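Participant: Sequence:
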Amino acid sequence: MALWISIRAQKDGRRSANASETSAIAAQESVDEARLSRIASERSATVAEQQLADQRHEAAERRAAEEEASRPRADFVIERRSAHIFYLRNKGTGPATGVSLSAREVPYVFEPPSSVDLGRHDAVEFRMAGASGRPVPATLYLTWDGQSEEVAVAVPPP
Numbered sequence: 000m001a002l003w004i005s006i007r008a009q010k011d012g013r014r015s016a017n018a019s020e021t022s023a024i025a026a027q028e029s030v031d032e033a034r035l036s037r038i039a040s041e042r043s044a045t046v047a048e049q050q051l052a053d054q055r056h057e058a059a060e061r062r063a064a065e066e067e068a069s070r071p072r073a074d075f076v077i078e079r080r081s082a083h084i085f086y087l088r089n090k091g092t093g094p095a096t097g098v099s100l101s102a103r104e105v106p107y108v109f110e111p112p113s114s115v116d117l118g119r120h121d122a123v124e125f126r127m128a129g130a131s132g133r134p135v136p137a138t139l140y141l142t143w144d145g146q147s148e149e150v151a152v153a154v155p156p157p
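Residue numbering for the sequence shown is 0 to 157, as defined by numbering that gives the first Met the number 0.
You may find that some hints are simply not true.
[To be verified] List time: in silico SDA-like cross-link candidates among lysine to any residue, alpha-carbon distance up to 25 Å: (1) LYS90 with ARG80; (2) LYS90 with HIS56; (3) LYS10 with GLU32; (4) LYS90 with SER113; (5) LYS90 with GLU149; (6) LYS90 with ALA64.
[Claimed, not checked] Cβ-Cβ distance ranges computed for the label pairs, FRET-style: (7) GLU65 with SER40: 32 to 38 Å; (8) SER36 with ARG7: 38 to 44 Å; (9) THR92 with SER43: 46 to 52 Å; (10) GLU60 with ALA128: 44 to 50 Å; (11) SER69 with SER36: 46 to 52 Å; (12) GLY93 with SER43: 45 to 51 Å; (13) ALA52 with GLY93: 32 to 38 Å; (14) GLU32 with SER5: 16 to 22 Å; (15) PRO155 with GLU48: 56 to 62 Å; (16) ARG55 with PRO155: 46 to 52 Å; (17) SER36 with SER147: 56 to 62 Å; (18) THR92 with ARG126: 26 to 32 Å; (19) SER131 with SER69: 44 to 50 Å; (20) THR96 with ARG126: 21 to 27 Å.
It should be emphasised that the hints constitute simulated quantities derived from the structure, not laboratory data.
None of the values given here were measured: they were computed from a predicted structure.
Note that CB positions come from ideal geometry on N, CA and C, so glycine has one too.
Model the full assembly from the supplied sequences, consistent with the hints where possible.
Facilitator: Below you can see the structure in the form of structure tokens.
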């Protein structure tokens with residue numbers, strides 16, 4: 000009987016040890032899963048933060064582009080009054096200061112406006128005539144304050 004109790008106690012001890020070991024393994028797996036879940040959650044949060052930052056950056060760029068597009072701008076056209084008299088007109092939505100006209104083709108007689116201020120829809124008269132049998136150029140070039148790179152403007156035909 001004592002032998003039987005001893006064998007039974009040994010079996011119960013093994014079962015208890017096996018159950019403990021299984022429980023320990025399950026606990027370790029649970030810890031590992033929790034760690035992986037935490038890492039995944041951190042990555043997800045990082046991705047969400049990056050997406051939010053990207054959305055904010057895109058929105059700021061869009062706002063800046065919209066502001067730039069709605070900003071009043073000068074826009075010029077050359078009008079022909081007669082064979083040798085022309086008008087440089089600002090047909091844009093904003094004024095321009097320091098407006099200067101230049102040309103690249105010669106020879107011709109040219110009295111260009113230089114450093115003039117043109118408000119919205121204002122115009123300035125200038126003279127231009129072909130010389131040495133050449134016609135007036137088909138294009139003149141403008142600069143103004145805030146626009147140092149020349150802008151081409153077509154000269155209307157006679």
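Participant: Kindly indicate which numbered hints from before are broken by the structure, ordering the numbers from low to high.
Facilitator: 2, 3 and 14
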